[in-house]
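Using UniProt numbering, the letters of the sequence shown correspond one by one to residues 1 to 354.
Source of the hints: derived by calculation from the structure; they are not laboratory data.
Possibly wrong hints are sitting among the right ones.
[To be verified] Straight-line distance between alpha carbons at most 35 angstroms, and here's what the computed DSBU-like set of lysine-lysine pairs gives:
(1) Lys304 x Lys276
(2) Lys47 x Lys276
(3) Lys212 x Lys252
(4) Lys233 x Lys73
(5) Lys200 x Lys219
(6) Lys73 x Lys331
(7) Lys276 x Lys200
(8) Lys47 x Lys150
(9) Lys210 x Lys73
(10) Lys36 x Lys276
(11) Lys252 x Lys47
(12) Lys276 x Lys31
(13) Lys80 x Lys2
(14) Lys45 x Lys155
(15) Lys31 x Lys200
(16) Lys45 x Lys200
(17) Lys233 x Lys2
(18) Lys2 x Lys252
(19) Lys238 x Lys219
(20) Lys73 x Lys2
(21) Lys210 x Lys304
(22) Lys150 x Lys331
(23) Lys99 x Lys200
(24) Lys332 x Lys304
(25) Lys36 x Lys210
(26) Lys31 x Lys48
(27) Lys155 x Lys253
(28) Lys73 x Lys276
(29) Lys219 x Lys80
(30) Lys212 x Lys276
(31) Lys36 x Lys238
(32) Lys45 x Lys332
(33) Lys150 x Lys212
(34) Lys48 x Lys238
(35) Lys304 x Lys233
(36) Lys252 x Lys4
(37) Lys99 x Lys2
[Stated by the list, open to error] Have a look at the derived ranges for each label pair, beta carbon to beta carbon:
(38) Glu192 x Glu30: 52 to 60 angstroms
(39) Glu241 x Phe125: 44 to 52 angstroms
(40) Phe21 x Glu324: 34 to 42 angstroms
Values in this document were obtained by computation on a predicted structure and should not be read as measured data.
Glycine included, C-beta positions come from ideal geometry on N, C-alpha and C.
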Amino acid sequence: MKSKIIGVGNYIPLETITNLFFDNHIFLNEKGENLKEDNHLITSKLKKITGIEERRYASDNQVTSDLGFIAAKNAIENSKIDPETLDYIIFAHNFGDVKSGTIQSDAVPSLASRVKNLLQIKNNFCVGYDLLFGCPGWIEGVIQANAFIKSGIAKRCLVIGAETLSRVTDPHDRDSMIYADGAGAIILEANEDDDDSGIKSHISASHTYKEKDFLNFGKSYNTDNCPDTRYIKMDGRKIYEFALINVPDAMKKCLDQSGYTIDQLDKIIIHQANEKMDEAIVNRFYQLYDTPPPPDIMPMVISKLGNSSVATIPTLLTMILNNELPTHSIKKNDIVLFASVGAGMNINAFVYKF
């Protein structure tokens with residue numbers, strides 16, 4: 001039994017935040033000192049390193065579960081299924097619902113329960129739960145849904161990835177410019193047809209011995225702010241080095257387990273974390289096979305959408321399948337490798353035949 005994607009959906013928030021938005025920010029270092037560069041130079045460096053020109057923020061009246069609901073609704077409509085037939089709703093996020101202008105996270109009841117309620121699903125045996133796994137959370141949700149389907153526990157699962165990272169960033173930390181909001185979702189179903197499409201292999205890993213705090217919650221760089229308030233913090237250089245060492249090997253192991261060869265791979269859909277880092281990961285991945293990466297193997301939308309954590313991969317997948325990216329497409333029988341890395345530090349991947 002294989003798991004097949006039968007519907008996709010996303011929600012890209014309407015509020016576009018360009019790099020000019022940060023012109024009047026006061027950026028500080030870890031010691032609370034003003035950065036020497038002016039903000040125009042800081043944003044120019046950001047664009048050069050990450051590729052980010054703009055990002056999307058959720059409206060003030062929206063929270064993460066609202067974004068997830070819209071993406072889920074779109075995926076259900078795309079699949080043309082009755083939502084009452086869903087066995088599981090798996091909602092990947094990291095910070096719960098954080099209302100605009102507040103600092104409190106709200107995850108009770110679970111965001112999956114909230115989406116199920118918004119979808120007005122009456123089936124009590126449709127189980128909803130949340131998954132916290134850093135940026136790789138959506139892929140991990142797909143892997144878990146696949147396990148439910150292969151074991152016979154479920155036939156249809158809704159897997160959502162949504163986040164409002166703009167609500168948990170320190171405005172005095174230049175890394176805050178990387179983060180964005182968004183949501184994506186898929187419907188995964190037991191493939192009982194004669195075709196060979198579906199998930200072919202997967203891999204997950206948690207590196208927690210020395211790497212646990214590469215991404216963490218820390219206090220603001222503005223020492224006048226409340227010391228008990230915590231914001232997302234990252235050691236960018238350590239994450240970059242960790243990703244380049246570990247992600248290509250995990251991708252290779254996953255591809256090798258699938259039975260497909262590197263020349264059969266049609267697309268790599270990787271977490272939109274940092275354009276330069278993603279390019280370096282893919283280049284090193286192909287070096288493991290002593291071959292250069294083909295052109296257009298890795299679609300990227302980070303320049304316009306920023307890093308929306310668990311939402312980046314399902315958002316991008318939906319855009320490609322909806323023909324919203326002129327230079328990229330996925331056709332019947334294409335082999336696609338999905339991969340992600342993030343807080344934990346966690347890595348995962350899966351190979352899918354469309």
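Would the pair Lys219 and Lys80 pass a check requiring their Cα atoms to be no farther apart than 35 angstroms?
-> violated (46 angstroms)
At the C-beta level, are Phe21 and Glu324 separated by a distance inside 34 to 42 angstroms?
-> violated (24 angstroms)
Given pair status - Lys73, Lys233, alpha carbons within 35 angstroms | holds (32 angstroms)
Are the Cα atoms of Lys99 and Lys2 separated by 35 angstroms or less?
-> violated (39 angstroms)
Given hint Lys219 paired with Lys238 - CA-CA distance at most 35 angstroms | holds (19 angstroms)
Is Lys45 close enough to Lys332, meaning Cα to Cα at most 35 angstroms?
-> Status violated; Cα separation ~40 angstroms.
Is the hinted pair Lys276 and Lys31 satisfied, with a Cα-Cα distance of at most 35 angstroms?
-> Answer holds: Lys276 to Lys31 is near 28 angstroms, not above 35 angstroms.
Pairwise hint evaluation, Lys150 against Lys47, where the allowed Cα distance is 35 angstroms at most = Violated, because 43 angstroms separates the two Cα atoms, which is more than 35 angstroms.
Does the structure keep Lys304 and Lys276 at a Cα separation of 35 angstroms or less?
-> Cα-Cα ~15 angstroms, so holds.
Quick one, are Lys304 and Lys233 close enough, alpha carbons at most 35 angstroms?
-> Distance ~22 angstroms between Lys304 and Lys233 Cα, so the pair holds.
Quick one, are Lys73 and Lys331 close enough, alpha carbons at most 35 angstroms?
-> Distance of about 24 angstroms is within 35 angstroms: holds.
Is the straight-line distance between the alpha-carbon of Lys73 and that of Lys276 35 angstroms or less?
-> holds (33 angstroms)
The earlier numbered hints that this structure contradicts are 5, 8, 9, 14, 15, 16, 17, 23, 29, 32, 37, 40.
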